[in-house]
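Asks: Please model the complete structure; the sequences and the hints are all you need to start from.
Chain by chain, the residues run as shown.
Number of protein chains: 2
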Amino acid sequence: MEFILYGNRESGHSYKARLMLTLTQTPHEYRPIDIELPRDRRPAEFQQVSRYGEVPVLLDRGQAYVQSNAILLHLAQRTMKFYGRDAVDHDQVREWLFWEANRIGISVPNLRFCLRWIPDTKPEVLDWLRARALADLDRMNSEFGERKFLLGEIPTVADISCCGYLFWADQADIDLSAWPHVQRWLGDISALPGWKHPYDLMS
Amino acid sequence: MEFILYGNRESGHSYKARLMLTLTQTPHEYRPIDIELPRDRRPAEFQQVSRYGEVPVLLDRGQAYVQSNAILLHLAQRTMKFYGRDAVDHDQVREWLFWEANRIGISVPNLRFCLRWIPDTKPEVLDWLRARALADLDRMNSEFGERKFLLGEIPTVADISCCGYLFWADQADIDLSAWPHVQRWLGDISALPGWKHPYDLMS
Chain A
1 MEFILYGNRE SGHSYKARLM LTLTQTPHEY RPIDIELPRD RRPAEFQQVS
51 RYGEVPVLLD RGQAYVQSNA ILLHLAQRTM KFYGRDAVDH DQVREWLFWE
101 ANRIGISVPN LRFCLRWIPD TKPEVLDWLR ARALADLDRM NSEFGERKFL
151 LGEIPTVADI SCCGYLFWAD QADIDLSAWP HVQRWLGDIS ALPGWKHPYD
201 LMS
Chain B
1001 MEFILYGNRE SGHSYKARLM LTLTQTPHEY RPIDIELPRD RRPAEFQQVS
1051 RYGEVPVLLD RGQAYVQSNA ILLHLAQRTM KFYGRDAVDH DQVREWLFWE
1101 ANRIGISVPN LRFCLRWIPD TKPEVLDWLR ARALADLDRM NSEFGERKFL
1151 LGEIPTVADI SCCGYLFWAD QADIDLSAWP HVQRWLGDIS ALPGWKHPYD
1201 LMS
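Respectively, the protein sequence lines represent chains A and B.
When we follow the working numbering, the leftmost residue of the first sequence carries the number 1, and every step to the right adds one.
When we follow the working numbering, the leftmost residue of the second sequence carries the number 1001, and every step to the right adds one.
Hints may contain errors.
Said to hold, decoys possible - In silico negatives: residues of chain B with every beta carbon more than 10 Å from chain A:
(1) Glu1010
(2) Glu1029
(3) Asp1034
(4) Gln1048
(5) Asp1173
Unchecked claim - In silico EDC-like cross-links for lysine to aspartate or glutamate, where the CA-CA straight-line distance does not exceed 20 Å:
(6) B/Lys1122 / A/Asp127
(7) B/Lys1122 / A/Glu124
(8) A/Lys122 / B/Asp1120
(9) B/Lys1081 / B/Asp1188
(10) A/Lys122 / B/Glu1124
(11) A/Lys148 / A/Asp86
(12) A/Lys81 / A/Glu2
(13) B/Lys1081 / B/Glu1002
(14) A/Lys81 / A/Asp188
(15) B/Lys1148 / B/Asp1086
(16) B/Lys1122 / A/Asp120
(17) A/Lys148 / A/Asp188
(18) A/Lys81 / A/Glu153
(19) B/Lys1196 / B/Glu1010
(20) A/Lys81 / A/Asp60
(21) B/Lys1081 / B/Asp1060
(22) A/Lys122 / A/Asp173
(23) A/Lys122 / B/Asp1127
For the record, the hints were derived by calculation from the structure and aren't laboratory data.
Here the structure is a predicted model, which means the values were calculated and not measured.
Glycine included, C-beta positions come from ideal geometry on N, C-alpha and C.
Replies: This is how it looks when you write it as structure tokens:
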């Protein structure tokens, strides 16, 4: 198999990578990794390709790729799907991926992580994360205008990246009805052929 | 002028973009933006190209580019400098840029920002940011091995991106002598022809 993806069902970053493989109908093998195991007790083959023991890792013809957004770009270039139409789109896709990496891909996942798994997180930290998450959702909500997806009428890896954790908004104690354009957009993503919710795709 | 960069002297993200232009000897015009002015009172030409009023913005033949790491990738492709040697390097450059965007490009800048400009930041938030910053520096420090730069013997935009805020480590109350490989690497970056400290380059 050309593509092997190591991931975990609670990892939205893993979900982004597998959603891309699924939506592009790219044949691949998915190997779930138990991230509750200490890093040195995870499967040897995984330890070998994942220097820091993190998921996701994509193997493409034996070469390991890490960082979910870098994986998305790699797959967009390999498949020439979900990459936009031209060089201008490619630049805008990257802008969105970097925005995700330092905004909504930090705030929402960390808020969810602390609420679900770190019960002694200080309320001040939760407040800080929540304020960022709300600001990020405000910005996304203002982005669409008449556009169906982030870059226009066709979905790209920018959409795949930014939606990653939002199907778990409830777990971050976020009610998306306050951001109707974001909610509409998530609905359009989930209507794409092959789409599945993280817990269905990554089980 | 083909390239125009809008930035601010306190913005490490702006510095990254200008450092790239400088190290590659790319002719450009730098236009400082006073980010203490409310967004709607900043120069009209800047408001026009910067939808969210953020720096940096790069204009390349009239087209606006945002997000510092996306700008670095754009410039690496335009100049074919600081981009590594081959497609494998390009993928690794992107992995580092995304790592920077969600790790050291969040933790250190926010810690510095809160310490310098937001005196009422809750100590719990400072602790959270500091813990991340130290973990990120630990990881960087373990990365070099025998390598001079992040990808090997030649510097790339991965180095330019990751070093951005570290020349201000003292302002984040971080003493880099605890991470000798990081300190050595910063020394090698600052020995590159044309290098300048942020306050000298961006004034």
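Asks: Report the numbers of all earlier hints that the structure fails to satisfy, in ascending order.
Replies: Failing hints: none at all.
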